[in-house]
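**Q** What follows is the residue order along each chain.
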Amino acid sequence: MCVDCGCGKSIPFGVKVLSVLAPGLLRGKPATGAGAPDQGVQTVTPAPHSPLTVEVHASLLAKNDGAAARNRARFVERRMLALNLVSSPGAGKTTLLSRTVDEFGREHRCAVVVGDLETDNDARRLHRPHVPVAQITTGSACHLDADMVARGVEALDLDGVRVMFIENVGNLVCPASFDLGEAVRVVLLSATEGEDKPLKYPPIFKSAHVVLLTKVDVAGLLGFDCQLAIENIRRVAPQATLIPLSARSGEGLSVWYDYLRQRLLPT
Amino acid sequence: MHEVGIMESAMALVQRHADEQRATCVHRVVLKVGALSGVEPDSLRFAFEVVTRGTRAERAELVIDLVPALIFCGACRTEFPGDRGAIFTCPHCGDLCGEIRSGRELELSRIEMS
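Going down the list, the protein sequences come from chains U and S.
For the first sequence, my numbering begins at 1 and goes up steadily by one.
For the second sequence, my numbering begins at 1 and goes up steadily by one.
Derived by calculation from the structure, the hints in this document are not laboratory data.
Treat the hints with care, since some could be wrong.
[What the hints assert, rightly or not] Computed spacing ranges between beta-carbons, pair by pair:
#1 U/Glu231 with S/Asp83: 18 to 24 Å
#2 U/Arg79 with S/Gly85: 39 to 45 Å
#3 U/Thr53 with S/Pro91: 36 to 42 Å
#4 S/Val63 with U/Arg128: 51 to 57 Å
Just so you know, even glycine gets a beta-carbon here, dropped at the ideal spot from N, CA and C.
Based on the sequences and whatever the hints tell you, model everything.
**A** Given below as structure tokens:
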């Protein structure tokens, strides 16, 4: 069944690593399945066919959270800084990452796992000889989950990789609920959107460690009020580090790279 | 609209427990949903209808216990309810606060069946 809108249509839902554009090999080994752990299940009465109440208290995201914890442990073990980049479609995630791997990526080896519903266009855009990239196509799913990320990461040659960028499916709602095992969640808001987006989509902004205000070079042309957007971000997400930047003009990128440098895991 | 997927996880748990108890009918499913969980109760209700269709939980009642957001103010070292929209301002000192102490819950609490 379609898992997005509940329309009941039969859609081949699944996750595949569509392509790996990297010096490494696609091993194609699926990640070990995560069993949903029981959390203090207590059965009140075991008698069949009489009314009974079972106290379950199980997280509905237990399966994902378990896989996320395994991802996190793997990243830390490999001394890799993992970042989950989330935004609306078209906010500039891929453009920012392209320039980041070109510049910062020359200094510290980066890898990318990128998720989209279909196509490997983003992986092709991000591919460089020095950057292993795995594209995950989610079929109909509106977000990446931790198991998909595990499969993408497993497909890559991670030798010497210090930074793992996970580019989520463009969506400001659903990715908020799904921990991928990242150390840093980065939410992007672009100058081509509304200044009040943080007010409209608070959960994702409240879960952010960093908010990047992107495309600031065209803000003036579009009549986008950067100060108002910054104020809204600060009010909704006071916990987040805020970096205004433009991947085209280069403004603010040194601050972004400094942020990454400061959070690298010591080897 | 990830609520259908989340509800499918919930129903997989419900079915497993119903199997274990050899239950033929699920009467009530109780979920705990935090105000900041990123999940819409209305979408969950819609999803529940869809995913229970043709199952032994088809006639079950879905109860959603909403957990309000509880925010921590680092300056005052106190907690306050985050019930006034998306901006959490400490009622004591007026600081903007980002530390969420509760409100992200998303769990299957209880199943009633026979």
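**Q** Indicate, hint by hint, whether the structure satisfies it.
**A** Quick rundown of the hints versus the structure:
Here the CB-CB span from U/Glu231 to S/Asp83 is close to 22 Å, well matched to the stated 18 to 24 Å. Checking the proposed 39 to 45 Å range against U/Arg79 and S/Gly85 shows it holds: the Cβ atoms sit about 41 Å from each other. Checked against the given bound of 36 to 42 Å, the beta carbons of U/Thr53 and S/Pro91, roughly 38 Å apart, stay inside it. A C-beta distance of roughly 52 Å is found between S/Val63 and U/Arg128, which places it inside the suggested range of 51 to 57 Å.
Checked against the numbered hints given earlier, the structure satisfies every one of them.
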